[in-house]
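K.L.:
The residues making up each chain are set out below.
There are 4 protein chains.
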Amino acid sequence: MMIIMQTDAKTEQIEAVVLRVEYFGMKAHLSKGAERTVIGAIGDGRAVKQEQFLRLPGVDRVVSISRPYKLASREFRPQDTLVPLDGVTFGGEEVVIIAGPCAVENRSQFLEAAHAVREAGAQALRGGVFKPRTSPYSFQGLGEEGLELLSEARELTGLPVVSEVMSPSQVPLIVQYADMLQIGARNMQNYPLLQAVGQSQHPVLLKRGMSANIGELLMAAEYILSQGNRRVVLCERGIRSFETTTRNTTDINAIPVLKSLTHLPVILDPSHSTGHWEYVAPVALAGIAAGADGLIIEVHPNPSEALSDGGQSLKPARFAEMLTQMRAVAEAVGRYLPPAAEELPLKV
Amino acid sequence: MMIIMQTDAKTEQIEAVVLRVEYFGMKAHLSKGAERTVIGAIGDGRAVKQEQFLRLPGVDRVVSISRPYKLASREFRPQDTLVPLDGVTFGGEEVVIIAGPCAVENRSQFLEAAHAVREAGAQALRGGVFKPRTSPYSFQGLGEEGLELLSEARELTGLPVVSEVMSPSQVPLIVQYADMLQIGARNMQNYPLLQAVGQSQHPVLLKRGMSANIGELLMAAEYILSQGNRRVVLCERGIRSFETTTRNTTDINAIPVLKSLTHLPVILDPSHSTGHWEYVAPVALAGIAAGADGLIIEVHPNPSEALSDGGQSLKPARFAEMLTQMRAVAEAVGRYLPPAAEELPLKV
Amino acid sequence: MMIIMQTDAKTEQIEAVVLRVEYFGMKAHLSKGAERTVIGAIGDGRAVKQEQFLRLPGVDRVVSISRPYKLASREFRPQDTLVPLDGVTFGGEEVVIIAGPCAVENRSQFLEAAHAVREAGAQALRGGVFKPRTSPYSFQGLGEEGLELLSEARELTGLPVVSEVMSPSQVPLIVQYADMLQIGARNMQNYPLLQAVGQSQHPVLLKRGMSANIGELLMAAEYILSQGNRRVVLCERGIRSFETTTRNTTDINAIPVLKSLTHLPVILDPSHSTGHWEYVAPVALAGIAAGADGLIIEVHPNPSEALSDGGQSLKPARFAEMLTQMRAVAEAVGRYLPPAAEELPLKV
Amino acid sequence: MMIIMQTDAKTEQIEAVVLRVEYFGMKAHLSKGAERTVIGAIGDGRAVKQEQFLRLPGVDRVVSISRPYKLASREFRPQDTLVPLDGVTFGGEEVVIIAGPCAVENRSQFLEAAHAVREAGAQALRGGVFKPRTSPYSFQGLGEEGLELLSEARELTGLPVVSEVMSPSQVPLIVQYADMLQIGARNMQNYPLLQAVGQSQHPVLLKRGMSANIGELLMAAEYILSQGNRRVVLCERGIRSFETTTRNTTDINAIPVLKSLTHLPVILDPSHSTGHWEYVAPVALAGIAAGADGLIIEVHPNPSEALSDGGQSLKPARFAEMLTQMRAVAEAVGRYLPPAAEELPLKV
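Residue numbers (our numbering), protein chains in the order written: chain A, 399 to 746; chain B, 399 to 746; chain C, 399 to 746; chain D, 399 to 746.
Just so you know, not all the hints are guaranteed correct.
Treat identical chains as interchangeable: a pair holds within one or across any two.
Below 20 angstroms or equal to it, Euclidean Cα-Cα: the simulated SDA-like pairs (lysine to any residue) are [what the hints assert, rightly or not]:
id, residue 1, residue 2
1, Lys425, Thr435
2, Lys408, Ala432
3, Lys430, Val461
4, Lys408, Arg472
5, Lys468, Gln404
6, Lys468, Thr435
7, Lys713, His674
8, Lys425, Glu413
9, Lys425, Gln625
10, Lys468, Val457
11, Lys713, Glu420
12, Lys425, Gln593
13, Lys713, Arg725
14, Lys468, Thr643
15, Lys408, Thr479
16, Lys425, Ser471
17, Lys430, Ile440
18, Lys713, Gly456
19, Lys430, Val460
20, Lys408, Asp577
21, Lys430, Val416
22, Lys468, Gln538
23, Lys408, Pro476
24, Lys468, Phe537
25, Lys430, Glu420
26, Lys468, Gln625
27, Lys408, Ser549
28, Lys425, Glu729
29, Lys713, Gly541
30, Lys468, Thr405
Keep in mind that the hints were calculated from the coordinates and are not lab data.
Generate the whole structure from the sequences, applying the supplied hints.
P.N.:
Put into structure tokens, the structure is as follows:
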């Protein structure tokens with residue numbers, strides 16, 4: 399921690415800061431500059447807060463030297479973390495595609511979607527049964543009765559299933575049906591929920607909050623990691639900016655930035671980050687080119703009948719076509735995607 | 399709902415839109431303009447989604463005519479809603495000041511703060527026992543053991559107590575100790591939590607999320623109102639913008655905008671919306687001048703020792719001085735604040 | 399400047415940084431912390447750029463200790479700067495109200511507006527003849543032929559006139575007609591223009607850019623001050639955020655923040671910062687309560703016929719009523735506004 | 399234009415709106431919905447402003463049906479516009495790379511950079527001689543004496559030269575030395591400047607303002623196009639958001655959105671949109687994958703000695719390596735980049 403004094407700070411004010419540094423068990427290190435004095439607090443100051451210096455007379459600013467997250471940082475763990483999910487692995491050379499409808503609406507819709515994404519070549523299946531909706535009057539998901547459909551789709555396709563969890567009390571139930579728990583953007587700072595999924599030891603897909611900066615996303619990951627659960631995959635899903643032409647602003651910078659700051663895998667959700675099906679393919683390709691370890695994409699057999707997010711969902715044929723382009727871009731940057739699956743007989 | 403066609407939309411595309419409008423039980427109303435045709439969908443379309451038209455060929459945009467919130471709107475209820483809280487009322491001519499420390503840290507800190515804010519003239523007391531903290535390594539609140547201190551402070555001062563609730567499972571417990579439940583900014587879209595406080599029928603202080611727009615804040619209120627709980631007070635607490643000199647950007651516009659769109663009371667939190675104690679007083683005065691029904695302010699007996707938010711907490715003496723200015727501004731805009739209390743013997 | 403090394407920086411990397419600090423004529427000051435080494439560069443480093451250290455191996459971050467603006471800072475000049483404008487003064491106890499139409503449209507519109515705002519009690523008159531418009535097809539202002547109307551209105555009402563300048567070549571002309579030059583938000587970083595108004599030595603009203611942070615506003619002021627022109631008044635006019643209910647987001651925090659960082663007067667433009675006439679009065683009152691030295695407000699005799707910004711312009715009667723409220727709030731915070739003028743015979 | 403009435407609008411208020419629509423020479427078209435009446439104004443309303451209805455009693459909102467830009471829209475011109483620049487063409491299958499230093503600093507720096515980028519395979523050269531700098535104390539560019547160096551570099555390398563223009567009075571001079579005029583982000587709404595470059599008929603590289611939305615960027619292009627100059631290339635260069643880890647937020651969505659809304663070529667500036675050299679390559683690749691028609695990239699022979707933007711400049715070797723990756727990604731999306739040039743003897 400560096401305490402930067404005001405230009406007109408008095409000697410006794412500087413001395414008071416030094417005393418307080420020492421009071422906290424740290425050593426004070428003075429640098430008298432041309433304009434200002436800066437006092438470095440040397441030692442373990444993780445428990446000391448900036449405010450405890452900010453309020454002292456003569457102090458201008460306090461600058462933190464350490465990063466606030468530890469377990470999530472690449473300085474703590476330089477090598478990439480690999481997060482396995484039932485046969486496929488996030489964080490290696492393979493680019494992992496999770497696809498499926500926003501919400502599980504009914505048996506035939508979900509199984510049809512599951513079959514289509516598997517056939518196109520996706521490695522995992524998404525489908526929400528608990529849905530966070532802006533309006534209390536919108537479809538809120540099938541709830542518990544939708545969970546059995548997750549199992550059925552997994553059995554049918556062999557794909558692992560990702561599903562969102564919205565409150566700590568849902569965790570014990572969902573872990574029985576889903577292979578990976580998704581924390582949605584609105585819940586990125588729902589700390590009781592982060593602790594609950596941390597304790598579950600289940601793989602977690604942690605979506606960035608719509609106005610969370612990169613440090614806050616890593617602090618949210620730290621909540622999960624600090625419970626001993628290392629199977630965390632981060633997801634950029636667009637941030638809120640002044641631009642309203644698209645639903646969100648894809649922060650493509652976040653992909654290389656996160657890959658440099660943390661060892662955790664990073665994927666992109668181009669469906670939410672654009673909000674319009676026409677823009678999903680170019681932004682998905684951009685994500686792979688920028689170094690994303692995977693994508694999560696909304697696919698619906700009949701988007702204009704979807705109960706949620708129809709505007710940003712792809713039809714299966716377009717999704718399949720997009721996967722072909724994605725394979726080419728992945729190869730161009732030294733990654734790979736598996737080939738499209740042989741047609742599977744659909745056992746509905 | 400108005401469906402705006404592309405400039406080159408074909409007759410059969412327009413007819414397909416009309417058919418779909420009628421399929422949903424609404425009447426279609428065509429306006430052929432100089433450049434484009436616009437199709438109005440007349441009838442109850444609340445259950446119909448824009449996407450169900452957006453994906454049809456030839457459609458350019460869909461514009462919603464109705465507002466998405468209903469119970470929260472002033473069109474639904476033109477007169478101001480009054481929310482009583484143990485003798486004081488939000489939404490009338492009185493400006494209600496809630497004050498106290500960010501977190502309940504220990505008995506002497508909390509009781510000293512409670513006494514000081516009561517003496518200065520605050521009408522309610524704040525104090526968090528469950529704290530949402532960005533870092534898992536920060537003080538997380540006293541938890542259940544802090545609840546008794548809320549009761550003790552209420553008894554000592556006679557002030558009603560406001561305290562934050564972070565998950566649905568905490569609600570049954572907290573309602574026994576706190577007079578008003580606070581939903582923090584990070585939980586504004588935690589829907590299971592909104593439903594739980596809605597069902598509790600307890601007064602609720604709903605803080606705006608840091609990147610929630612005004613419509614989303616009103617939709618969050620709608621979640622609570624739709625459970626039959628009308629005792630909702632809205633709170634502007636600063637939004638996230640590109641400006642980093644202050645912790646947040648006080649959206650002062652939101653106060654008159656909300657007063658015009660909704661019948662619910664609206665208060666301001668100048669402590670969080672600025673993040674620096676020096677700016678709390680001018681922004682608090684601005685809030686009253688702009689028409690806020692109250693303020694919630696962080697006061698700590700010893701800010702530089704605070705375990706949370708010390709940088710933005712006021713010392714009791716400064717808070718008392720600020721109340722004097724607030725009384726003058728309230729009067730200037732036709733409102734009032736009660737006078738400072740007589741000194742009470744502190745029964746600690 | 400403090401150079402913060404990576405946690406695994408090697409001794410020779412630290413030495414290379416020290417050598418470079420010394421190469422620039424500064425002294426290096428090492429603090430070896432628990433995790434990282436921090437190197438302070440002591441001496442005059444204003445000409446040295448952060449990048450010159452950022453690219454060295456082992457460097458994590460560079461933190462600037464000095465503020466980038468100098469002449470604009472309160473550290474350079476602790477006492478408030480007073481900017482006189484033809485009998486009225488910005489920065490003292492008087493709150494200065496500049497009012498008038500967005501654009502000078504024709505003789506009768508402008509003289510009627512001028513008379514009305516003078517009668518209500520405004521101390522200065524605004525009126526644009528060169529208008530920056532988003533669309534090339536919108537009214538662009540009367541241009542040079544509007545300048546004579548500025549003089550006529552000034553003579554008629556006795557009020558000093560504020561008018562916008564859009565390019566350096568307009569400066570010599572406008573200074574002959576206007577008493578104060580306005581730099582609009584879109585031109586806050588138009589550096590040739592800032593230099594030109596700086597050289598003019600005319601009073602300048604510098605509006606904050608819609609996405610300029612406070613430091614950048616002060617740097618823009620520095621451009622003018624560095625030409626020897628100290629008559630600069632800063633204007634908060636709303637910033638761009640994600641909120642679209644209002645045209646801009648009034649950054650009310652900016653008022654006390656600027657008053658603390660700079661000695662220059664600070665005013666608020668509630669017409670642009672809200673964009674809706676209904677919200678102008680509450681936000682104007684908020685501005686005075688927060689410590690603004692003045693306001694600039696759009697008033698039009700017939701807003702629904704205005705060629706520009708009609709939606710946010712006040713009718714004269716409402717403006718007069720608002721001034722009454724503003725007087726009360728100004729008094730509540732220890733400032734004052736002059737009383738309404740006696741009715742003047744209108745010599746149109 | 400659709401005028402949406404309040405839910406409680408009276409018949410005479412609706413009639414007043416209809417009268418006004420007709421007064422402006424348009425036809426009124428009423429749709430009486432379940433909750434509200436909507437009045438369509440049919441006819442050429444380009445000159446009519448929303449405010450002229452917004453202020454009428456009983457009106458809730460006014461929705462524009464037409465887009466405000468015309469010449470820039472794909473509806474006006476469905477086929478892609480090709481902008482030729484001295485042998486290379488923006489908007490076709492070739493991806494055009496403009497590279498070079500932020501600022502022309504001196505002869506050897508600029509010629510060395512020019513040679514390096516040509517050798518690596520760039521098709522055009524950038525170099526600023528008039529520099530918009532946040533601080534008046536920073537290097538402001540060589541000014542007129544730098545112009546000759548542009549010509550010399552062009553002759554040496556055969557590459558066309560792009561250089562920034564900051565005020566209308568500079569245009570006649572710069573067009574003699576530069577092949578393409580750059581309008582910087584800070585000047586995107588400097589309308590006299592847009593008009594001047596429009597009149598010049600020179601190719602223009604128009605950078606998006608840091609808080610300009612996509613509609614405003616297209617309106618800025620409209621200013622140039624409306625002067626009869628069709629040679630406009632748009633450039634996404636990052637927008638300002640709350641995220642501060644990177645200098646700006648690359649709005650990668652803007653690339654496919656612009657390609658869909660306008661016929662003009664669109665390029666990306668990953669140097670400014672990230673602000674850090676480490677992130678330039680992944681974001682550049684993302685731009686090509688998303689469909690950009692080109693890139694503009696800062697390359698400096700010795701970034702840590704650069705007088706401007708050293709932190710985001712690439713060294714020539716890294717730039718050359720990046721071009722190899724860019725060629726592979728371009729091919730993966732059906733575009734191409736020319737191969738690296740044969741080594742040219744440097745005639746310095």
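K.L.:
Run every hint past the structure and note whether it holds.
P.N.:
Each hint tested on the structure:
1. Lys425 x Thr435: Intra 16 angstroms, inter 14 angstroms, cutoff 20 angstroms: intra and inter.
2. Lys408 x Ala432: For Lys408 and Ala432, only the intra-copy Cα distance (15 angstroms) is at most 20 angstroms; the inter-copy one is 28 angstroms.
3. Lys430 x Val461: Both: 16 angstroms inside a chain and 16 angstroms across chains, each within 20 angstroms.
4. Lys408 x Arg472: between (41 angstroms within a copy, 17 angstroms between copies)
5. Lys468 x Gln404: Between copies only: 14 angstroms across, 31 angstroms inside.
6. Lys468 x Thr435: Cα proximity of Lys468 and Thr435: across copies only (18 angstroms, versus 30 angstroms in one copy).
7. Lys713 x His674: within (12 angstroms within a copy, 38 angstroms between copies)
8. Lys425 x Glu413: within (13 angstroms within a copy, 23 angstroms between copies)
9. Lys425 x Gln625: neither (32 angstroms within a copy, 45 angstroms between copies)
10. Lys468 x Val457: between (28 angstroms within a copy, 19 angstroms between copies)
11. Lys713 x Glu420: Answer is neither; intra-copy 64 angstroms and inter-copy 25 angstroms both fail.
12. Lys425 x Gln593: Result: close neither inside a copy nor across copies, 35 angstroms intra and 48 angstroms inter.
13. Lys713 x Arg725: Within one copy, since 19 angstroms is at most 20 angstroms while 30 angstroms is not.
14. Lys468 x Thr643: Answer is between: at 17 angstroms across copies they meet the 20 angstroms cutoff, but 37 angstroms inside does not.
15. Lys408 x Thr479: Neither: 50 angstroms inside a copy, 25 angstroms across copies.
16. Lys425 x Ser471: neither (26 angstroms within a copy, 32 angstroms between copies)
17. Lys430 x Ile440: Both: 16 angstroms inside a copy, 7 angstroms across copies.
18. Lys713 x Gly456: The answer is between: 18 angstroms across copies meets 20 angstroms, while 63 angstroms in one copy does not.
19. Lys430 x Val460: both (16 angstroms within a copy, 18 angstroms between copies)
20. Lys408 x Asp577: neither (61 angstroms within a copy, 43 angstroms between copies)
21. Lys430 x Val416: both (13 angstroms within a copy, 17 angstroms between copies)
22. Lys468 x Gln538: Result: close only across copies, 18 angstroms inter versus 37 angstroms intra.
23. Lys408 x Pro476: between (44 angstroms within a copy, 16 angstroms between copies)
24. Lys468 x Phe537: between (39 angstroms within a copy, 17 angstroms between copies)
25. Lys430 x Glu420: Both: 19 angstroms inside a copy, 16 angstroms across copies.
26. Lys468 x Gln625: Only inside one copy: Lys468 and Gln625 sit 13 angstroms apart there, 42 angstroms across copies, limit 20 angstroms.
27. Lys408 x Ser549: Answer is neither: 69 angstroms inside a copy and 45 angstroms across each miss the 20 angstroms cutoff.
28. Lys425 x Glu729: Neither. Shortest intra-copy (53 angstroms) and inter-copy (50 angstroms) distances fail the 20 angstroms Cα cut-off.
29. Lys713 x Gly541: neither (25 angstroms within a copy, 48 angstroms between copies)
30. Lys468 x Thr405: between (34 angstroms within a copy, 12 angstroms between copies)
The structure is inconsistent with the numbered hints 9, 11, 12, 15, 16, 20, 27, 28 and 29, although it conforms to all the rest.
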